[in-house]
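Peer 1: Based on the hints, put chain Y in the right spot on chain X.
Just so you know, the sequences run in chain order X and Y.
Take the working numbering: the last position of the first sequence gets the number 686, and nothing is skipped along the way.
Take the working numbering: the last position of the second sequence gets the number 1001, and nothing is skipped along the way.
Keep in mind the hints are simulated off the structure, nothing from the lab.
Some clues are possibly wrong.
What the hints assert, rightly or not - Below, simulated BS3-like cross-link-like pairs (lysine-lysine); rule was C-alpha separation at most 30 Å, straight line:
hint: 1; chain 1: X; residue 1: Lys612; chain 2: Y; residue 2: Lys953
hint: 2; chain 1: Y; residue 1: Lys779; chain 2: X; residue 2: Lys650
hint: 3; chain 1: X; residue 1: Lys151; chain 2: X; residue 2: Lys204
hint: 4; chain 1: X; residue 1: Lys217; chain 2: X; residue 2: Lys89
Keep in mind that this is a model prediction, so the values were computed, not measured.
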Amino acid sequence: MSSSRPFASLAALALVTALAASTSPGSASPPPIAGHTPTSPAGAATTTSPGSNSSPPNDEARFDGDASLAPHAEDVVDYALRASLDPIKHTVHGEGTITWRNASSAPVKELWVHLYLNAFKNQRSVWLREPSSGFRGTQPVQDWGTIDVRKFALREEGGITTDLWTNAELQRPGDEDETDVRVPLPHELAPGGKLQIDVVWDDKLPSVVERTGYLGKFHMVGQWFPKIARLEPDGTWAHFPFHHLAEFYADYGTYDVTLDVPQGYVIGATGPAIDTRIEAGRRVERHVQGDIHDFAWTAWDEWQVDKEVIDGVRVTVLYPPNYKADAQRELRTIRFGLPDFGARYGRYPYEVLTLVHPPLRASEAGGMEYPTLITTGGAWYGPPGIFALEITTLHEFGHQYFYGLIGTNEVDWPFLDEGLNSYAEALAMNSFLGSASAVDLFGLDVSDQTIQAIGSNRTAHDAPVALPAYAFEDGADVGGLVYDRTATIFQTLRRTYGDELVGRAFGRYARKHRYGHPGPEELLAVFRDVMGDHVAQTLRTALFDEGWIDYVVREVSSSHAREPAGLFDRGGKRETALPKTINGYDGWVLVERHGTLAFPVEIDLVREDGGKQRIHWDGDGRSIRIPYHGDVPLRAAVVDPDDRVLLDEKMTNNFAMPAAEPRAGAPRSFERLLYWCELALQAVLP
Amino acid sequence: MSPSDDTSAWDPDALPPPRGEDDLVLLATDSMRARRRPLAVVAFWAWQMAFALLIAWPVSSMVSSFYGAHPSGDEPLWTPGAHAFVDLLTVMKGTFSGIETLAILVFLVAGFADLVPLAALVASMAYVTRERRPPPVRAIVARGAAVFPTLSSLFAIAALLEALIVGAALVAANLISRRTADSLGEARADQLGWLVGLVILGGACVIGVLHDLARAASVRFRVRAIRACRCAMNAFLRHPISVLWSWGWRCAAGWTPVAIGALVAAKLGGRGGAALMALTIVHQLIALSRVAFRASWMAKALRAVDRAHHVIRVR
Chain X
1 MSSSRPFASL AALALVTALA ASTSPGSASP PPIAGHTPTS PAGAATTTSP
51 GSNSSPPNDE ARFDGDASLA PHAEDVVDYA LRASLDPIKH TVHGEGTITW
101 RNASSAPVKE LWVHLYLNAF KNQRSVWLRE PSSGFRGTQP VQDWGTIDVR
151 KFALREEGGI TTDLWTNAEL QRPGDEDETD VRVPLPHELA PGGKLQIDVV
201 WDDKLPSVVE RTGYLGKFHM VGQWFPKIAR LEPDGTWAHF PFHHLAEFYA
251 DYGTYDVTLD VPQGYVIGAT GPAIDTRIEA GRRVERHVQG DIHDFAWTAW
301 DEWQVDKEVI DGVRVTVLYP PNYKADAQRE LRTIRFGLPD FGARYGRYPY
351 EVLTLVHPPL RASEAGGMEY PTLITTGGAW YGPPGIFALE ITTLHEFGHQ
401 YFYGLIGTNE VDWPFLDEGL NSYAEALAMN SFLGSASAVD LFGLDVSDQT
451 IQAIGSNRTA HDAPVALPAY AFEDGADVGG LVYDRTATIF QTLRRTYGDE
501 LVGRAFGRYA RKHRYGHPGP EELLAVFRDV MGDHVAQTLR TALFDEGWID
551 YVVREVSSSH AREPAGLFDR GGKRETALPK TINGYDGWVL VERHGTLAFP
601 VEIDLVREDG GKQRIHWDGD GRSIRIPYHG DVPLRAAVVD PDDRVLLDEK
651 MTNNFAMPAA EPRAGAPRSF ERLLYWCELA LQAVLP
Chain Y
687 MSPSDDTSAW DPDALPPPRG EDDLVLLATD SMRARRRPLA VVAFWAWQMA
737 FALLIAWPVS SMVSSFYGAH PSGDEPLWTP GAHAFVDLLT VMKGTFSGIE
787 TLAILVFLVA GFADLVPLAA LVASMAYVTR ERRPPPVRAI VARGAAVFPT
837 LSSLFAIAAL LEALIVGAAL VAANLISRRT ADSLGEARAD QLGWLVGLVI
887 LGGACVIGVL HDLARAASVR FRVRAIRACR CAMNAFLRHP ISVLWSWGWR
937 CAAGWTPVAI GALVAAKLGG RGGAALMALT IVHQLIALSR VAFRASWMAK
987 ALRAVDRAHH VIRVR
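Excised from the complex, chain X in its bound form (with noise of 0.2 Å):
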């Protein structure tokens, strides 16, 4: 999901675009990424080599190519479904088959069975009780939406059934929520054992309020069957209520999924549709995909579609009538993105991806991932030099590898799927668009990094990043944290460390854990394979302390050398020498490092004739004091030039001058503001 951080960025970027207009540093190129080649003063800084201290070449290498790519998942859950969707009274009536498998090493007793629609009954469900600040679905629902489930019943040998769902607890004690629903089983089921159980139910889809819901004949479906929780492989069940903030979690299988709508009526779904036809005034789709773990579909009489194979992927996008640009811009981005995400983190495995441009009024249906199917969203005028549906776009798609193919627990880890998704985007921005990635209107360059990396440090001390998504206390501590303080992290990581290394890292991750739901210790692990130790220690301060980071430079001197005065004994006799100037300058740099992280970083010393020192410090100890001897004075320090550690949470303290040396001011920016208020008072003035 993109949270509302790409849609909530705009407005950012519209200050930012209103207050700065005019120029863009397009001259400049961005900080190269790869190692350095560091000098190091003697005695004083020393250079560590990323990855030095990793492991020797192992078996897990083998991850860094798509030959070791799983080519299925573990098939524990199908899924044979027939919905059909009456788009007066906003009602899908389903029925169908649920095969379930027991692939724990534990008899299980009872399944847990997920009613997320039940979060938009009434205002004592979980999801409407927690607070909804700073985040998406804050508005109220206008109209209730349910799920009823008529029956569950299991089938058992000899084609008996039987009912379960008479004993089904739908409510846990003084807690009206009934998203989470546990139901006994009337006998104990061994591992690997395989249940089928028969399920009737009915929906009635809400207004649209958050991922799902109606609005007129617009109806996006998504969480609206009754869905089995996952079964962790110890035997404990991984079953949750709908959270405000939270999202999902599942088993992978098979879904099979006949939908049923009226005829004029366009569906975009999950998966390849694979038998189409028209029946007694009804459109009839069957989508069947295998390797998946939900499944979600939307129907509109009012959609347009454009097709295009993408790197031999199948992708449609519907959007309404008059948005033809905004699709045209999103299937561009998922000309880049597809090839690029398949690059970094293993092929696409699926034929389809469908891309879902809801109506703007309907927005709360957009940002949002399912299996083969994501949602966008933006107005249809939304200005080009402006990147929020590119953002959006990217992000979602990115979530078919952080979710969809790395099936993560969303709710207990959530930095686990949108924050190393939101690293992704960024990177993946960057590499479409360049520093310009968020923003580039009249010369003014802003990147998804700078974003990121500014949204991040605003909530660095509210809480730690790895925490389950029910435990943030708002909104915009889950946008902060997250999304962008996770993303930051791992781009430090990589402007530190160098693109080859994190890529090589990020690329074991997903295809190692394809199919799979690893962990933050299956991540950790990953990169301290890779990277050592001392990356995974950060990694660990970063995520689950609070970690921070600020340089400092704290004092910087420069004076005349002079040669040692006082009293020596030198031939047996004691000689006084005088203070005296000698030819050259000596001075110093203090630089001190604030926080509980450490990254490798540069010191540019910087003298009075321009050129300059580069100086490398392993970020090791709290500070270090480099000396300084030249023929002409020192002019000025400053540590992380280039702007590696994004984490850095003050920037404005990165340089600092002698204290009688003149001050550079800030002509270009005088320039600027100068030009824009003529240019502001030319516009208003009568």
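Peer 2: Positioned in the frame of chain X, the structure of chain Y alone reads:
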């Protein structure tokens, strides 16, 4: 040609002449041209730059307090990706918390402060000394100061009307867009709403044109606000299309150099030294060119109100 030929004295409602008769005479209608007063145009640009300086300087000083100690000054603020720039905006956001109020205040102060220099510019284009030289600065400033109360009234009335029209346009656009979304679809509904909003906004443009005509009339005929409005209306109704076209093309042309300047700025980048000097020159030439277009329009306004009174004078 005697001072009595100055038709501003013909009007029984005319304001009394400024203290210490300045002995200026009106130019012939066709001779009222901005290009004949390049120094006045430059002076008006200098005045606006000075006012802009008053706003830009404190903000720039704040930026300098953060980045002045960087060896490259504020160059990091203008590097690709704009990380330092956006970071500084967040650092300074407390300063910007009341920016809307400040903007309205600056608009009002600037609006009134601009009236005398504008009137002086118009007077310089309308009048000439008996020796047929450009009028001296003191004389045109005195003429500008004399009509300040009239121009203030006109400004207040026009600003109020324009604000009401803009508000009405926004409300109408929004209402139409929402009401027709179901039947037309969002995009078409928005487009219809915007179209209606733009038509209504056209009313604000007409008010702006009438405002300028009234200002020209107040300087030209030295009349009070109501009389100036009548003159403006007469001139506008005589040739409405011509007047609107004259205003419109200059308005559009005034934004062309801004777009070109943005392209040039993008090429020059965020560097200092000669590039910064070149950028400064380009930007100020753009500001000057926009003042020139504005002056050209005011000269046209002078001619329009003048023609509406069929006056023949010296060439």
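Peer 1: Below or equal to 30 Å on CA atoms is what counts here, so check X/Lys612 against Y/Lys953.
Peer 2: 26 Å, holds
Peer 1: Is the hinted pair Y/Lys779 and X/Lys650 satisfied, with a Cα-Cα distance of at most 30 Å?
Peer 2: Since the Cα atoms of Y/Lys779 and X/Lys650 sit roughly 15 Å apart, the hinted pair holds (cutoff 30 Å).
Peer 1: Given the hint that X/Lys151 pairs with X/Lys204, does the C-alpha gap stay at or below 30 Å?
Peer 2: 16 Å, holds
Peer 1: Are the Cα atoms of X/Lys217 and X/Lys89 separated by 30 Å or less?
Peer 2: 10 Å, holds
When the structure is compared with the earlier hints, no violation turns up for any of them.
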